[in-house]
Every structure is written in C-alpha cells, then in structure tokens.
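Enquirer: Going down the list, the protein sequences come from chains V and F.
For the first sequence, the positions run 1 to 240 when my numbering is used.
For the second sequence, the positions run 1001 to 1246 when my numbering is used.
It cannot be assumed that every hint is accurate.
Computed spacing ranges between beta-carbons, pair by pair [stated by the list, open to error]:
no., chain 1, residue 1, chain 2, residue 2, range
1, F, P1088, V, L132, 27 to 35 Å
2, F, G1080, V, L175, 41 to 49 Å
3, V, P74, F, M1223, 41 to 49 Å
4, V, L175, F, S1175, 37 to 45 Å
5, F, L1138, V, P103, 19 to 27 Å
6, V, R65, F, T1137, 18 to 26 Å
In short, the hints are calculated from the structure, not lab data.
Every residue, glycine too, gets a C-beta built ideally from N, C-alpha and C.
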Amino acid sequence: MPPAGERAPLEANVVRKAARSAQGVEVEILRGLAFSLREGEVAALIGPSGCGKTTLMRILAGLDRAFEGFARRPPGVKVAMAFQEPRLLPWRSVEDNVRLAAPESSAQERAALFAALGLSEHRAHYPAELSLGLARRASLARALAAKPSLLLLDEPFVSLDPPLARAIRADLARLIDAKRLTGVLVTHDVDDALDLADVIYVLSARPAHILGEVRIETPRAPVTAQRRAALTAQVECLRG
Amino acid sequence: MLARLGSLLALVLVWQVAAHFSNPRLLPGPLAVLDAVAAQTASGALPRALGATLARVVAAFALAMTVGSALGYAMGRRAGVDRWLDAPLVVLLNLPALVIIVLAYVWIGLNEAAAIVAVALNKLPNAVVTLREGARTLDVGLDEMATVFNFSAWKRWRHVLLPQLAPFFATATRSGLSLVWKIVLVVELLGRPNGVGFEIGTAFQLFDVATLLAYALPFTAIMLAIETLLVQPFERHAARWRARPA
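Here chain V stands alone, though its shape is the one from the complex:
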C-alpha cells in the first residue's frame, strides 16, 4: 500500500470479472485480485497460459469496464500499452505508427528509440514488411515514445531473439529508473520479471487471483547468481 497522502498511480481491485464464452456459458476469469503500485514501481504478472492476464491488462488500460471492482488511476496519468499482438496500423509506416500514437515526441527522440530497438532501417517500412519480432519492437517503440507515466506491457519480449531481448530489457530498465515509470509487465519468463520488476505477482489458474508475491529489494540492479536462483526458486514455489 502506498503511504498516506500519496496517490498510487495504479490501484486495482477486481472483485469479479466474468465473460460469456462463444458457447454462451459464463466463465469466471478473475476473482478477488487486488494490488496497487507506487510511482516508479513495476509489477510483473506471472501465471499459467489463459489465466486471464490479458483480461487484467485490458481492465488496467481502461478498455474493459464490465467487471465488479475498480481500477483507479489518478487523473492525468498517461497510459501506453504494448499489446500482445503488435496492433500496428498496416497502412502506415513504422515511423508514422509511432508518430500518430506519440504526436509530441520529437524526431530525435524517435530516432533514438528506433536505434535502441534496432529499427532504424525499418522506419519507412509498412508493418506487412516486418517480421513478427520487428513488429513487436515497433509496438514497443510506440508505447515508449508516448512518454507514459503508466506503461502496460503484455508479453513484450516473446518472439525476440534472446540477445536482443536482453538488450531491450536493459534499455527498458534504465528508462524505468530514469523516468520513474510505473509499469505492469505480463510475462512467462521469470528472467524478464527479475530484470525489470520491483514485485512479482504469481497468479493462479482461472479464476485468477494472486497466489503470492516476491519482492525484489534492489530492482533493476545486477544481482548475484545465487540471489537470482533463490528468487527464481521462490517464484517457482508459488507457481506450484
């Protein structure tokens, strides 16, 4: 919980979220899932496939309001999201996709982002000309260019090759500390979570709730191999 007087940039309490499946059966997706984040804090959500992580992200982004409970952001908090699929406008170039979502970003800022994400040669390309990995990077560039105070990342590193994913993770970690970004990261990969998060929430299968949390005392700082192994073991233990 944040200290009194300070509004948390993100406070969520999903009492219950259900949805009707294609067969018309009501399925409970989330139940009793609550957490809040302080400014500059990043939470990683780890859970089994299909447990409702993406549903939770849509609630946090304000895209889904049909649930019991609340997801509060103080007014003026700027949200950006990297969706699980890149969701680029196919009829606009990479550069235009970023510029449209982040109109106040300068050409230099965009150039720096493209360079960091290995997109410099692709800025004039249309999304259909990109591999899925490149398209995901473009979607990440778009989210970062928007200079959000709340950054939502839904599996951002899937289908990137490991060295590149590591490099982008490192860049992202620097950016989170430099800009005091608040963020939520959905991932399958404990290493992603250990590199980026302040706190890891391990989610249950459907209906998803928080099974337990692992706090990282020195987030986004190098840790020893033993410490890393110990934290990974804690997460695995919660996962069961």
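Starting from the structure of chain V, add chain F where the hints point.
Expert: Using the frame of chain V, we list chain F on its own:
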C-alpha cells in the same frame, strides 16, 4: 491498358461487320454514329445534354453516398440501429426503381429536386449495405489501440477507420456510378426537359438509332474515364501498403 484498348477495338470491329449485314436504320455502323455525334456536337445539343445528365449523376451520387455511408456505418457499428433500420432497408432494396421515380415526381413535383432524390433513393440501399459490411469488419484491436493512445476523433477517422473502409467506398462507388447513371436516364425520360435520357426518348420516338447511340456512347465513355482515371487510382493509392509484402 493495352488489353483494354484491344478489346474495345475488337468490339468496334464486330459492330462494323454486324452493321454491314443489317438494315442501317436499325443498326447504323460506327461511322454513321460518329457523324451523328459530330452533328449533335456542332449544334451544341450533345454537350448541353451531357452536362445536364452529368450534373444530376454527381448530385444524386454525392447525396446517396453521403447519407448511405453514414447510415451503413451506424448500422454496422451498432446492433440497435441495425435492428431498427434493417427492415426499411430491405423494403427500399426491393422497391422497383420505376416506383420510386414515379412516386418522387408525384409527391415532390416534376422538378430537379424530385429527380435527384429519386435517383439517390435508388442508390442509397446499395451504399448502406456495402458500408455496413465494411463497418462490421473493422478491427477491434486497432480500435482499442486508438483508445489507449488517446487518438482524437479526427485522427481515428483518418488513420484507423478510413483506410479500413476505403475498399468498401471503392466498391460502392464503382457499382454506384453505373447504377446512378442508368437511373438518371430513366428519370430524365419520364420527367425532365433535357439531358441524355430526354434526348434518347426523342430519338426513340423518331426511331433514330444513330442519334440514340450518339447520346448513349459518349456518356458511357465519360463513365469509363471516371472509373479509369479516378476510381482505380484511388484504389491503388488506398492499397499501396499491401503492394510490397515481405
């Protein structure tokens, strides 16, 4: 383009051969029709008629496309609107053009407004159906992206919706233009004192097939030019992002 010219040339050739073997009053050859075109152009009657008809085509088409697209979009996006407007749409789709034209002249009067409304009403359901289909296929994911990144209404329209609807606009335009100009001729025949339809009516009474074709063919050529020079380049421009897959 060459194939298109070649097939047109072949058509003229067939026409010439057919005319050679038949009564010139029933089927005049290409040269006789060309003579008639020259005579009607020299007198100024043909350009005036073409101008009047083209103005009606443009007005009726613009009216039908604007109203039809708005209605179709609303029906495709909102199931409630669709439920309320679907039955009237089916009625309008199946109402014969002639009935709409006659009723418009009876109710509004024998004037320009009635003529244009009658044509627009004939085209309207076609535009509604096409754009409704377009609105139904809009990508929800891109919509959510636009919401998260706070796109303004204009930006959403220009960069998210319009590119998705462009092929449907092109389809509605293509089928619409040919439909509209055919109906404009009927409207002119029934209740206008000028235009290609009126002149064709006169030529019919005189059994003057050469003049009839002299009015019909130039207008067909104009519509072909609009299709080739406006609609197709628009489609190519709208689809340029598809042109170079990885």
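Enquirer: If a hint holds in the structure, say so; if it does not, say that too.
Expert: The hints, checked one at a time:
For P1088 of chain F and L132 of chain V, the Cβ-Cβ distance of about 46 Å falls outside the hinted range of 27 to 35 Å, so the restraint is violated. For the pair G1080 of chain F and L175 of chain V, the supplied restraint of 41 to 49 Å holds, since their beta-carbon distance comes to about 45 Å. Range check, P74 of chain V to M1223 of chain F: Cβ separation about 59 Å, and the 41 to 49 Å hint is violated. In this structure the supplied range 37 to 45 Å is violated for L175 of chain V paired with S1175 of chain F, their Cβ-Cβ distance being about 52 Å.
At about 23 Å, the CB distance of L1138 of chain F to P103 of chain V agrees with the hint of 19 to 27 Å. Between R65 of chain V and T1137 of chain F the beta carbons are some 25 Å apart, a value that agrees with the proposed interval 18 to 26 Å.
In the structure shown, a violation is registered for the earlier hints numbered 1, 3 and 4, in ascending order.
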